[in-house]
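Protein chains: 4
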Amino acid sequence: MSLLTDLPRIPYEGPQSKNPLAFKHYDANRLVMGKPMKDHLKFSLAWWHAMSATGLDMFGPGTADKTFGEAPGTMEHARAKVDQGFDFMQKLGIEYFCFHDVDLVPEGKSLEETNRRLDDITDYIKAKMQGTNIRCLWGTANLFSHPRYMNGAGSSNSVDVYCHAAAQLKKAIECTVKLGGTGYTFWGGREGYETLLNTDMKFEQENIAKLMRMAVDYARSIGFTGTFYIEPKPKEPMKHQYDFDAATAIGFLRQYGLDKDFKLNIEANHATLAGHTFQHDLRVAAMNDMLGSVDANQGDLLLGWDTDQFPADVYETTLAMYEILKSGGLKGGLNFDAKNRRPSYTMKDMAEGFILGMDAFALGLKKAAAIIEDGRVDGFVKERYASFDSDLGRKIRKDEATLGELAERAIKQGQAPLPGSGRQEYLEGVVNSVLFSGE
Amino acid sequence: MSLLTDLPRIPYEGPQSKNPLAFKHYDANRLVMGKPMKDHLKFSLAWWHAMSATGLDMFGPGTADKTFGEAPGTMEHARAKVDQGFDFMQKLGIEYFCFHDVDLVPEGKSLEETNRRLDDITDYIKAKMQGTNIRCLWGTANLFSHPRYMNGAGSSNSVDVYCHAAAQLKKAIECTVKLGGTGYTFWGGREGYETLLNTDMKFEQENIAKLMRMAVDYARSIGFTGTFYIEPKPKEPMKHQYDFDAATAIGFLRQYGLDKDFKLNIEANHATLAGHTFQHDLRVAAMNDMLGSVDANQGDLLLGWDTDQFPADVYETTLAMYEILKSGGLKGGLNFDAKNRRPSYTMKDMAEGFILGMDAFALGLKKAAAIIEDGRVDGFVKERYASFDSDLGRKIRKDEATLGELAERAIKQGQAPLPGSGRQEYLEGVVNSVLFSGE
Amino acid sequence: MSLLTDLPRIPYEGPQSKNPLAFKHYDANRLVMGKPMKDHLKFSLAWWHAMSATGLDMFGPGTADKTFGEAPGTMEHARAKVDQGFDFMQKLGIEYFCFHDVDLVPEGKSLEETNRRLDDITDYIKAKMQGTNIRCLWGTANLFSHPRYMNGAGSSNSVDVYCHAAAQLKKAIECTVKLGGTGYTFWGGREGYETLLNTDMKFEQENIAKLMRMAVDYARSIGFTGTFYIEPKPKEPMKHQYDFDAATAIGFLRQYGLDKDFKLNIEANHATLAGHTFQHDLRVAAMNDMLGSVDANQGDLLLGWDTDQFPADVYETTLAMYEILKSGGLKGGLNFDAKNRRPSYTMKDMAEGFILGMDAFALGLKKAAAIIEDGRVDGFVKERYASFDSDLGRKIRKDEATLGELAERAIKQGQAPLPGSGRQEYLEGVVNSVLFSGE
Amino acid sequence: MSLLTDLPRIPYEGPQSKNPLAFKHYDANRLVMGKPMKDHLKFSLAWWHAMSATGLDMFGPGTADKTFGEAPGTMEHARAKVDQGFDFMQKLGIEYFCFHDVDLVPEGKSLEETNRRLDDITDYIKAKMQGTNIRCLWGTANLFSHPRYMNGAGSSNSVDVYCHAAAQLKKAIECTVKLGGTGYTFWGGREGYETLLNTDMKFEQENIAKLMRMAVDYARSIGFTGTFYIEPKPKEPMKHQYDFDAATAIGFLRQYGLDKDFKLNIEANHATLAGHTFQHDLRVAAMNDMLGSVDANQGDLLLGWDTDQFPADVYETTLAMYEILKSGGLKGGLNFDAKNRRPSYTMKDMAEGFILGMDAFALGLKKAAAIIEDGRVDGFVKERYASFDSDLGRKIRKDEATLGELAERAIKQGQAPLPGSGRQEYLEGVVNSVLFSGE
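Protein chains in written order, with our numbering: chain S, 1 to 439; chain W, 1001 to 1439; chain D, 2001 to 2439; chain L, 3001 to 3439.
Warning: the hint list may mix true and false statements.
Restricting the straight-line Cα-Cα distance to at most 27 Å, the calculated cross-link-like pairs of lysine-lysine (BS3-like) are [claimed, not checked]:
#1 L:K3260 with W:K1260
#2 W:K1171 with W:K1412
#3 L:K3326 with W:K1239
#4 L:K3091 with L:K3109
#5 D:K2091 with D:K2109
#6 D:K2171 with D:K2210
#7 L:K3109 with W:K1412
#8 S:K210 with D:K2412
#9 W:K1260 with L:K3210
Sample of chain L residues at the chain S side, in silico, Cβ under 10 Å [stated by the list, open to error]:
#10 L3056
#11 G3060
#12 P3061
#13 F3144
#14 S3145
#15 H3146
#16 R3190
#17 E3194
#18 T3195
#19 P3343
#20 Y3345
It should be emphasised that the hints constitute simulated quantities derived from the structure, not laboratory data. The structure presented is a predicted model; accordingly, all values stated were derived computationally and were not measured. For glycine and all other residues, C-beta sits at the position ideal for the given N, C-alpha and C.
Please model the complete structure; the sequences and the hints are all you need to start from.
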């Protein structure tokens, strides 16, 4: 089977099913907390991994055949990817997709040629979208692969490269708007450095901010009302990337006045490369009202690179969906920035990867809702800070207390009693209870 | 509540129970694959964490009160720990315990004094064991805490320290035999180095092996028929410890002819500090017929030190129990080398920690058995290597093939076909199906 | 030798000296770039490691004897530490010290008692300072060791603990002012979480900011004109600490309007635990005009905890001093938050540790100055961004360009030429040339 | 400059030279400890990085042009690489090279075609070697890049792939023998697993051993008298590779009786990925008499993948050469398994990379010899274990002591005195003294 169109439609068959090509948990229209699963999750297919990547790694070429019967590097191939991709999305019930410019078409000899190809393919995609529920979640420009971007795009030391980046960016925004994209994403894969010995970090970061500002202004001028996203990643390919993690990216956006137009696109595996849990970076984004969208994948904490695995760990998906539900839900969606392992190279493996990930998130959604409904976790947290509901606590919270006053109080009270137990083991037990309530 | 004896007996109430002080999955006599849960799991209480540790860390003293109404450093306290510990084990249905010499009694001014105290306390424990099902899983000597062991015990540069270690070792073996211990464990916490600049690694490793040899000879001479264990750990407290991981420890044991008397005691968190999964080190031990016992805990892969958390991740416990079941079961048991987080400081937290861990392993056992009974994983693995069942495959396996013959065959066959897909995503989906079949 | 007062004065003897108790590179009054070494470096002794810590780790008690002939826990001991410490500083030519409240005196039964002890000891220290060049670099309160701070101080869930922290903070500020301290530092060792399951991160961070605000207001009200510092550390003891790294701490300070009063105290080993080089976090602080002071030590990148080693790697000290010189020098100083390895337990080892570190930084200073004077590195960086000196470049830099204009330019120019080589290997060769020019 | 032949010859100009294209420390015929530098170091060019790699990474294609005026994938290109490579080696004074089969020629449609190409190119190389001092250090077969090896070669689940590997292996051995190679290397880049869920680890390891056995037998039968090497690497590309580190590989070789024919090829960056220092893995190999050859490069300890940088850190090269000198020198050599950073893409960068690495090792050699001649480090180590020169110590060392005897001795001696200080800080100071004696 070399075509995705040879796959059957993927039905929901429930937890007992042993059919590899069926969902066990993702039941698109099932209501969870009053909203259909599909609207909570808004799964998205990533054009780069799903339609383009073949399993290449640093030690060997790809194993999967994604030619779909056409010669790579041609517009026929570009259109075959659209046909196959839309068919695949419909079979799995995926209603969103994300793209880089160069995933859609092969780069031409000149910007004009590439832009013409982008015009063609977006016409083709737009026509394809007619009569379907499929929408564009977000678009982006690949400003990191071509050798010209070896030192970044916004952070490049070359003003010519900076202009080239601006041109790609402008076109990618136009394509996103044309396809009705709800967002536009910046992933700064080479916006960073290899060595501080040759780097003016301040200069580079200012230039990145300027480029983003110009992009926002242009996009708004052509009617884009969606959200811009920064997708943090700490390293790889560069030794250091400026959008290190959620906290760093938020600090950057605020410093340069970009926080009104931007939110974050949090990727699980990028968070862990930065030394955080996925849940942590979701929380940081959410509590700053900067949680926008999610790149759904899973890393391997014993490996030091971005493995982009299909999400499988239901603890992770549950805690992620818990943060998302508590924050009021995503404006964006769950984009599968995930790929099969290199030895899983068939079209069936690709379907099984998506099923794995969609089921893991569907189960995570159900379980996160169950944790909230159960109430023990949230109730414990509320209770834990109750001492700040006192008069004194409220005074502190309202910035009406002074150090002297608090110190006096402390001396009067004598030894402060220990705070109540954090009961971590109990809470972990509660989570296990909810996760495995049916066992 | 400052006494463990204030706790109620912990009943099994099933998955739906919301009682924090009840088991949801551990049902001691329930049969799994024809054997009671408790005989699969053989849970053990570790005297150091459970009865002695208070939550001290590098940045502050302990938070938990484990005086049990007696002054620390006295034999009254030592006996109170026995009383409390046995009561706790009986309330949770734990039938094994492990100890270091210095967990049982405070060290005296001289070896003789310490040894007399050990005689007393082991009399006391032995009497306590009468009429219970409680047994000693293994004993050990603490050859790493006292300043004299700053450079290790077997690896010490000082022959006087080496002798002191021998004396402690001898007594700890005698105590273990007296208490009917089924094993004796070496954890080489300071058998390693801080800097290679001052270290003769070969000399040190030879001396460790000699000490182990003497220990085996002595133990056998006094009738010890149990198993010796090495517990690998790669680092912490030292920069490097010689028993780095399972593969390294097995190589060491074979090099010095100790592999007939020793097996490994694999600790989850030590495996991960060495860059392996827990399952990996269990597999390495098992396939070399060196899997003996397990220190059951859980680390945090984003932290670089031994957190010794109570096991909570059911993926981990399932895959661990899968390896253990496939290897024919443990000779040793599951020793809770685990402790509460510092802010979980009450006696109730301690009970909840054990309940968390015992339930996680009980559920892991049920799920591992279910994976085996399901058969899809094992069947896939068997099928995957089927090409070696051919005539040629068998010839290779019997060492009857030559390079020339295989090369000739390759040339004749033309391009080798790709191996079949590894189907990792499918298999991860199968595991999720088994884990969450009731949801 | 159990007293520091038994040590000889440490002379400068030059690079050829083989005297372990002599400086090979630190020559206090030697001019480097027109300023005496000692004013560039402003070495400081940390009361906690130097005068108090004995080498305790999680696996055993201390090895070094720091009783100085007095019983620990008494004011006699507290004064003996002052006597020994001042003698030691004078013998090494160290002109600054840093302290936590509880390093200076043993905590009393009540805040009043502790405060009285602090009054006594600061009188004693103040008298001791008379006629010496020794000054207080910064002071701080230990708001992390006592069990009451198990969940942090500013981030504690208990309003009583929050008040107790305020009281300690107030007194520590008063002591700092009394001793003429040039700074006051916040290290948030437990300002973070063990598990997100029980944590309201937003609430906690707001409360920390409020406490800092009150501290600033109080300190200013009693005449403190020095700088406040945050010392970032990502984890340990907690699973996650809020002041993760320089970028995160700067974002926090700006968010809560604290950036006018605060700068950063960057610690080498904390930077590396966060996944950054020491140089990186210095650069981030400096380019935001937030570089204040430095905790000088060295970690082991293969170990996951804070080893706080005396700095020995001259690459590290050179690159650190390069950042410091380029930023115009430190307002604060180089505080040796460093300790001997546990098996280096004598008073002589302590002296040798300081000599190692002071020589490493002195050599680093000379080499950093040599890199700047050599000019090849700085010249290369300047040249590297030269294309932004063009008309177009300047327009971009002045926010006068638009995306459309840059895109047009890109289309007109055709394929952007590759940027010039980053020449990392050449630059690393230049650094080696400067470091080893005399070999 | 697109040709290496445009480079000038690289002279030795001494430490003061500012000529980027000159050696500052590598003076080939200078005697160190009585032997010319070039015989200590035996530098080798790696055909894959130097002549073939262009800087491709997972996020973009290569930046360097290594076509040398010919079309990639042709024998003209293969020969151009030989011409350029030999010219480059002669200009730098490199006397050894290493190769994989597929670095030398593009793979043909069939094994026969590839083999014919290998015959041609080895004829060409052999002719080229005439009249030069250039020799083959070792050869190897690439058994990891082609999709057929997605699950490894010796560890493949497919007997057809196993045979294909045997055929490549046979030919690569023949080429190595033809070129007079002094060694043959196995790097098991895919000999490992992606997931234990589909893996029979024991079966796979046995099959690898069998393939190695057949390879040895064949090679000896055609007159190969050189050494076989295993090159350990813990992970990347696979989740886990079986030759994890030196200790693991030695254990494997002994288990399967391969330790007479094999030694280890230790790579700096692979050691650090396994959690060890480079020096550690050299020491482990050397003390087991298994140190054969070295892949000279440098990793970045803050990055989790193999960066293969040119060695620049003189601490690292000094400690490596110290281990090598103490072990009696390498049978193999120092192979530059190193590549330029992606933004260093010119032919001049390549020369500067080699100069950086060769100078770093030359300086490391001089400094290692100086440490040995200085004698303080070795003297300290010898003295440190002196207590084992006593009668009792000797008895222990000769396996004539018993546990009972040592215990008795300990009781008689009373409290063992603390061992003498390890003096790590002093020793680090000695190393700095030797490294920077001229400053």
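Quiz item: Are there hints from earlier that the structure breaks, and if so, what are their numbers?
Solution: Failing hints, ascending: 2, 4 and 5.
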